[in-house]
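With chain A fixed as given, assemble chain B onto it according to the hints.
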Amino acid sequence: MANKISVTVNGKQYTGEVESRTLLSDYLREDLSLTGTHIGCDTSSCGACTIHIDGKAVKSCTMLAVQADGCEVTTVEGLATNGNLHPMQESFKEEHGLQCGFCTPGMMMTATDFLKTNPNPSEQEIREALEGNFCRCTGYHNIVRSIQLAAKKMSEAV
Amino acid sequence: MIPNSFDYKKATSVDEAISLLGDDVQILGGGHSLIPTLKLRLNAPGTLVDISKIESLKVIRDNENSITIGGGATHASIAADAALSEHAPMMTQAAKEIGDIQVRNFGTIGGSMAHADPAADWPAVLLACDANVVIQGKGGKREVDIDQFFKGFYETALADGEIITAVRIPKMASNRHSVYVKFKQPASRFAIVGCAVGIEMEGGVVKSARIGMTGVGESAYRAMNVEKALVGQALTAESIEAAVKNVTEGAEVMSDHYASQKYRTHLAHVYVKRALKMLM
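Residue numbers (my numbering), protein chains in the order written: chain A, 80 to 237; chain B, 901 to 1180.
Next comes chain A alone, as it looks inside the complex:
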């Protein structure tokens, strides 16, 4: 069954038809060519496919594309504005918060949602917030440092 959907992705409106069973992660990667959203485990565990729906982090492998109809979607490609990296992206760069880079988009999308509700988190709170994001390189220390730096940059910017 084909469904008509209209979604805003990274500020740009897309209208098209999707099969009911199309996962949002596949729609973003295959139909919109936004391959920054990675598919890791495809079983809602690893968090590599994390994006924002109306500002809230979700694992896009566990959502149907048709459910995003009428929603505002932000993927990692939408973090930077006017060619300037988001403070989260800058911080991951500066603190070397990535090794192979596969988990990075999901890490940054979860972390940006988390900092909205907890702008000044402790190290422990950051580690708890990353419960649903796996780094198979086990590079968690630098990921946590990156998020600490991002929190600092973002609170100074306000």
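The hints are simulated quantities; they were obtained by calculation from the structure and are not laboratory data.
A quick note: this is a predicted structure, and the numbers were derived from the prediction, not measured.
Note that CB positions come from ideal geometry on N, CA and C, so glycine has one too.
Hints are not guaranteed to be accurate.
Here are the simulated distance ranges between beta carbons [unchecked claim]:
hint, chain 1, residue 1, chain 2, residue 2, range
1, B, E1152, A, L164, 50 to 60 Å
2, B, K1145, A, T114, 54 to 64 Å
3, B, N963, A, N163, 22 to 32 Å
4, A, N163, B, Q1161, 53 to 63 Å
5, A, G90, B, F1053, 39 to 49 Å
What follows is chain B alone, placed relative to chain A:
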């Protein structure tokens, strides 16, 4: 992983959703239990009726003696609700421990209850809270006592064509204390063993107790023999040790690659003791 084909219908009200239910139709709430089963092709309904956009199902209402949580309320919205935190703190505590940020943002309490995963957190917590499940179908509304809700492995009192519209949580009196503890599977964060305790104290002894266990048997259950053994006792290391002896009695303790039957039985004892000691 790609699910089997199905038709998709979006409902804008509970009545519309109920009118769309029928043979080979399933309800899509937050999708965080359903979609994984579709992807693994353990489940292949002909039609999904999406109730996640029905605003009235998301409301958490503070009543005089109870709090009504809409079936479509997400775990995150439950965790953030001020009335629940004041009058039913175990709900807040458990909501924060479900899954992860992403799962809590979209998974719903109604979906979790209808799915009735034997390792889910809500079943144990709602048993200990003495909740009611509000159900609506073509024949009207009914309320099911939580003690009558779980019927077996992924089985509940929910009939075909019915939707969980809310759960009703009684407000806790000041002499009631509660806690939820779990040993979680590190990837899924489901409970390998979870234990929810609600006790009522009077004159330094336990007046009544409700203990919900999850992850242990084929469905969540109340450890009634432990509850009974605690009544009339002061909570001490000795009274707890004596009371929890048969915590898995009546449950068919599961065995899987996370935990053998023996290990799970051991964990059930450890966690019920741990929960009770936290209330000493």
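Verification of the hints:
no.	hint	in the structure
1	E1152/B x L164/A: 50 to 60 Å	holds, 55 Å
2	K1145/B x T114/A: 54 to 64 Å	holds, 56 Å
3	N963/B x N163/A: 22 to 32 Å	violated, 49 Å
4	N163/A x Q1161/B: 53 to 63 Å	holds, 57 Å
5	G90/A x F1053/B: 39 to 49 Å	holds, 46 Å
Hint 3 from the list above is the single one not met by this structure.
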